[in-house]
Structure formats: C-alpha cells, structure tokens
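Chemist: One-letter residues, chain by chain:
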Amino acid sequence: MTNQSIKISVAGENALIVYFSDHGDAAVAAQIQACSLGIRLALGPKLIDLVASYASILVIYDDLLTDHFAVSKVIRAAATETFNQSTATPTNHTENLITLPVYYSLETGPDLAALAENAGLTTDQVIDIHQSTEYRVYAIGFAPGFAYLGEVDERIAASRLATPRLKVPRGAVAIADRQTAVYPAESPGGWNLIGLCPTPMFDAKADPIMPVSTGDRVSFKAISKQDFIDLGGKLDILGELK
Amino acid sequence: MTGLRVIQPGVHSLIQDEGRFGKHHIGLTVGGPLDRHSFRWANKLCSNPINTPTIEVAIGGLVLESMIDTSFAVTGAMIDLSINKIQVNCWTVHRIKTGDRIELGYAKVGIRCYLAVIGGFEIEPTFGSCSTVTREAVGGLAGDGTPLASGDLISCSETPLYVPYFVAREQQPKHLTITPESTCLRVILGYQQDYFTEQQTKQFFHGKYRISERNDRMGFRLLGPDIKPSIDGILSEGICQGAIQVPPDGQPIILLNDRQTIGGYPKIGSVLSLDLDKLAQLGPEAVVCFEEVSIEQAHNLKHLAAINFQQGKATVNLDALSKAIEDLLVASNPRGMKTVSSAIQDGSYLRAAQLIHNAQGKILIGTGFPVNGSFETDGPLGAIALYKAIKAIGGSPVLVCEAPLCTLLNTDFQTLEIKINEDGQNQAQKALDQYQPALVISIERPGQSNDGRYYNMRGIDISEYCADYDSFLSLATCPTIAIGDGGNEIGMGNITEALEQLDIHAATTECDELLLADISNWAAHGLAALLSTISGQDILSDWNNKSVLQMLSDGGSVDGVTGENTLTEDGVDSDVSQRLVTELRKIAGF
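If you read the protein sequences in the order shown, they are chains Y and W. Heads up: the first sequence is residues 1316 to 1557, going by this note's numbering. Heads up: the second sequence is residues 10 to 599, going by this note's numbering.
These are calculated hints, taken from the structure and not from any lab test. No false leads were mixed into what you were given.
Only pairs whose alpha carbons sit at most 30 Å apart, straight line, appear in this in silico DSS-like list of lysine-lysine:
hint : chain 1 : residue 1 : chain 2 : residue 2
1    : Y       : Lys1388   : W       : Lys311
2    : W       : Lys211    : Y       : Lys1322
3    : W       : Lys322    : W       : Lys183
To give a feel for the contact side, a few chain W residues facing chain Y, derived at Cβ under 10 Å:
hint : residue
4    : Phe30
5    : Leu37
6    : Val39
7    : Val142
8    : Leu198
9    : Tyr200
10   : Thr270
11   : Gly272
12   : Lys276
13   : Gly278
14   : Ser279
15   : Val280
16   : Ser282
17   : Leu283
18   : Val302
19   : His308
Glycine included, each C-beta is placed from N, C-alpha and C at the ideal position.
Modelling step: build the complete structure from the supplied sequences, incorporating the hints.
Modeler: Right under this line is the structure:
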C-alpha cells in the first residue's frame, strides 16, 4: 500500500474499516486525522462512531439511514481530499502540539533504573531521549483516555514487564516497545514506568475531556518535584508501587 | 428523591440505556443492553422512548421495593417474577403501589432480563448515556460504573396512568421459550478474512462451538475447532460490535458491548446484531454455529427487523384496562360511588363495552335529568359521547329523551322523544316493538324509587317532570346498561343494599350492567376508551368537551349541582373532563 491509496474492508453489518498503510508513522497519523475529520463532516448524523488507530479508521454508521455503498463513497472522497491537501502542503504541521510535563525520577519511575541498565544508558540519558522525541497520538483505546504515542527512540524501547502490575497509578508515564503513554487512571498494566505526569489525561468534567486527540503531536518536558506538586501532582499514590 | 429501592441487587444488575455512542475517540466503549431486542420491548411496553434507562438483570435475584405508585414490566429471559410474593407474568405491565416488593427469581431459559418503569428511571447520564460499564468506571446510578447494590435508590416518578400492555407468548422471541439445540449466528465476513484460508473458513462455518465459562459483557470466548489465521497479530485497529477475533490459540471470541475499542488480534468478520440478542441469552455449555450472510443481506434483515419492531404492537389487557378505568372514574368520590363500587363485579366497563361492540341493531340511549324545567349537562353530554363512539364503530345509536332536550338534539342526532304524561309501560313497549333494539342504555336518567316516584339528590320529588324510561330497561328483551353517579338513577336497583349507606332516595330499577362514575358523563368516555382499544380506533381523539357543553348551554342546560347555565358538569369545569378524556385516551393505548 502506498500513502496515496486506501483499502476499504467490511468490518460488520454497519461498519467499514479503512486501511491507510501497513504501519503507523507520523505521515499516516496526519492523514488519518485529516480523513477522520472529513468523514465526520460528510456523514454527520449518519455516523454512529469512528475509531482512528495506527493505520486505519473504523467507520460505524447508522445502517437505517445509509448503507456501505454510500459510506464507501464518502470515505473515498474524504481520502482523496486528504491526499490532495497533503500533496499541496507536504509538511503539514497544523495539528496540535501538546507538551506534557513529567517528573522523571527513581521515586516516580520504578522501572527507570532497570530500563537504563538494560539499555546501557544512564537514567538521565533515558530521560533526555524520552523528552527530546516528538510523538504522535497513534490511537486512543484500551481504557478511557489511554493514548498510544509513537514512536519511542529505539535506544530506550523496552519490552513489557514479565508480570504486569495490578496497580499502575494515574499519571504514570510508561514505555512498552516503541510506544509510550500516560496512564489516564489507576489500572493494571505491564508497561515500564519512568515518571509521573500531573496533567489529567482524562477528566469527565474538563473541556476537552482529553488534552490530546488521535493524530496530535505530543512532547514531554522534564519538571522538578516542586513543579510537579505545584501543577497538582500527587506523590502519595506511589505507596504501593514496587 | 423517590423511586425503587434495591433490597437485593441479584447476581449482576446494571443500569443500561441504548448505549454510549460517539465516544470511541476518547476510548469509551458502547455499553448498553446485551439483548437489545428485549430491552427495547421493555421500554415499548412501558410506552417509553426507546433510549430510556432500564435495569439489565443477569441471571436474576433482584429484589426491589417501590417507594411510589408506578408501573413496570420485565422482558427477556424466562424467569419467575412476583409482586408481594404473588406470581405475575413477564412481558406484561404491572401496577405497583408504595411498599410493594418486586422479586425476580433465577432465569430458567435465557440469562438476561430487562426491567423498565413507566416514565423511565431518572439518572444523570455520564458522557451522554446512563449505561453502566464497570470496567471503565462509567455510567450507572453514580456515574462511576458501579453495579446496583443493596440500599440504592433508583429514581423514578409517580405515574398514575398506565396502559396495561402485554406481549402475547407467540410474539415473544422464540429463543427465549425453547432451549435451543444449537443457536445459529449469522456472520458478515470482513476485516482480516483474507488471512484465513478457505479450509479454515470452512471449518469455522461447519464447526460447532461451545460457550465457555469466560463470557461477560466484554465478549464471549468459544470452544471448538481451531481456526488459525496466517498472522498472529495485526496493528491495533477499531473493533465493531460482534467482531469475531481469533487469538493465537485459534479459539474465537465474539466481542460485545463492553469490548475494548481497539485491539490487535485478527478478526474473521462480525456477528449480525440481531443474533447477538440471542447470544446474550446463552450461558456456558450452550452451543452455537455460524452461517455466512452478505452485508447486503444483513442490511435487509436489519431493516425488516426495524420495521417489524416498529409495527409490533403490544396487546392491551382489557380486564386490567377496564379495572384501571373503573378506578379512575370514581377516584374523586364526590357522591359515594367509590364507596359502593365494591358491590359491582370488576370488569363492568369491559362487559358493557363488549355489549356495545357486539350489538347488531339499534342501540337506544336514554338520558336527561330534569331540573327546573330544563335539563342537566350531566347525561346528555355523555349520551352524545356514546352516540359518537357507537357511530365510530359502525353501530346505530338513537338518543331517547323528553323535550326540551329532545328538540335540541334532533337536528344533529337520531332521536326518540318520550313524553311525561304517557303510560310509561305502554310508551316503552311501543318503542321497543318499533326499534327492536339490540341494546338499551340509560345514562343519568332518574330511576323510580321503591315508592314508584322519582327523586333528585336533594330528595325532592321530581316525578311531575320525569318521563318513564325505566320501563325501557325492564321491558327490553335485549341486554341493558345503566350509568349513574348518585344512586337515584336507573340501574341502581342492582346495588340496593350497598346504597343503604348513602343518604339518598335510591332508585330500584335494575339493569344487566351497572356502571358507576363520579360524573355520569365520564362513564361514556370510559366506554369510548375501551371501545377504542377493542376496535383499534382512536375514538376519543377529536372529543371537544367544551363545544358539546356550549351546544347544550345554548339550548338552556343547567349544571345539576349549581343549577347555573354554565359550561360545567356537576360543578366541575369542562377542562377537568377534557383532561380526563386525554388520560383515558392514553391508557387505551393512543
């Protein structure tokens, strides 16, 4: 598949899935973000829901109002529009760039030391590499507000823990393979924890509910313990972390 | 706040509305009822909008106590349901009063039940829906995904009115009444279907799969022939309802309402949602098989199902409707009719409505209560209402009264005038011979007391103003119906003993069916409501109480209680009657 072609498959009775590529990268993420918007606008109330992910968009439509022929057409038109725009402006950087503060430390990142050791780096080097990369939100899922960010620099990529933790605190910044994420709520999890982010990733009362959307650019910025506390971060949630 | 109190939550009871849509972009799943068909029927029975919160009860054991008067229905799995330990039917609307206890046993066939109340539970939605998704800590009573627990109060409002709907057994989903050998689930192939070889796909469609112990609202794990795609995993992508994913062990998982929104296992296609309703009612050890349908077939099937559901009508329980009408019409009890109503066997309105509905021939409707040389508004208005209702169902009514009322009515209605100074029996016999009526009705006609005289409610002898309609009922060879609201009207001879407790000159004339109401006119509307339900025609839709009162008033009518020429009936404002008509129309299912 080239960047200029899409494949549309049936997913279910009222769902089509659109594949943009066989892998996720920044360019694909940008296309997916633009195309998702196009589909949303074109389908309006006929759209029930839409899931943008690494290299695909799942389009769920109201099959009492439309059908897969009509929705396929809408998807193709939105994709063509997207490709034409990205050809016109090859470096399309109009997407949001969100900077998330992180208190990286051995205290808040119980896997930081092991990760550094396995990578043959110092903890400071791991932190530097993590915060000097610009990530893309490839997908949101797994749990409410859980944003998969890629791609993590190969040097600090780390496989999941052999035994997942039963409790990962809210705000934990973590790495799994070449992905990184901020846990939006306390949950079980098997990713390597390297710090804590005081920014809520999912707040039902906030507008928007999440600071990031699929396709957005995200970077991390190291902050001190004091900054972390000033920004509303809480350390007492670390109690049970091992 | 008031509503239903949870005494025991049962095995797993969750608040569910249609589900949470348009929130996948923040990672929220859909939730909602696993058996959408039963859920929708629960709301339909309760005359609620389809997306109204209900309780989804898995397996059973739910016990609720009502803090208010309301009505509810339970649909879904076959389960024992009782109110105050008295067994009642599922798929039926039941009236409950403050303090009543609703108890669900344990599902005998199927797994999940849906309990809806009329007017719906009043719950603050989270992210646009009340659906409880425990895994996401979203929805439900407190918005935090908690299942129902003992002591919870599920808010809902007092609802005085209800249509006593039920769904006949033959209209209930078949899979809920018969334990199936194996349930066939129709599948739309899609997603990574190309990664499954022809051999694997065949195996899948020919195999029988057992539902494992690992089944919940996220998904059902199946046990059966392995199907292994040529890839282990894929780049995580959106998962739709009913998607069949195949992890590396080759055992398929059908993903349901609480599924994660994205995942990285290959999927062969998705189960048709109509069949997920059946799946939701299956437990471990049940066997399923799969059958392929195209997306076009699926589209047709869903449209047909939507039309069927839309057109599918619950049946009105006429006995319950009649009882509801009987109770409603004597609720304010100004002249003791509620007090004496127990002397009449329940179902009088239904029996009367059926007599009217089945009458093959003329129906005589006698009315008119003389007051000061004029006539009361109560009686003629009801007679007109009955006349119209009988006309609407194709009958041939005749209004019977004396002048001046008769003169007023004979321009617009078929009438028969009776005279005051005639020999009553002779006059009646002549008319009966001439008309050969199939039914004789009296509405608010003075009835002879045991001394053969007529008295008004104040005990004044009004015989000199009264023609004899009593003889129509006593001489008729056809069935007779009489309506009254005080005790001194024709027909009250049926309940002579009960009337002894009231301070009146009771009438002694009998009839086949005596109907009581707080105002006699209202009985006519009650009958019209039942006739609407029986005939399927919305008879009360164009009733304009004020315009009929205006016509009577222009003809010199007086209010029987105040004696004034006003647009009132027994001192009650016309709007009150019009509202009652609206309510009656509603409970008749229109």
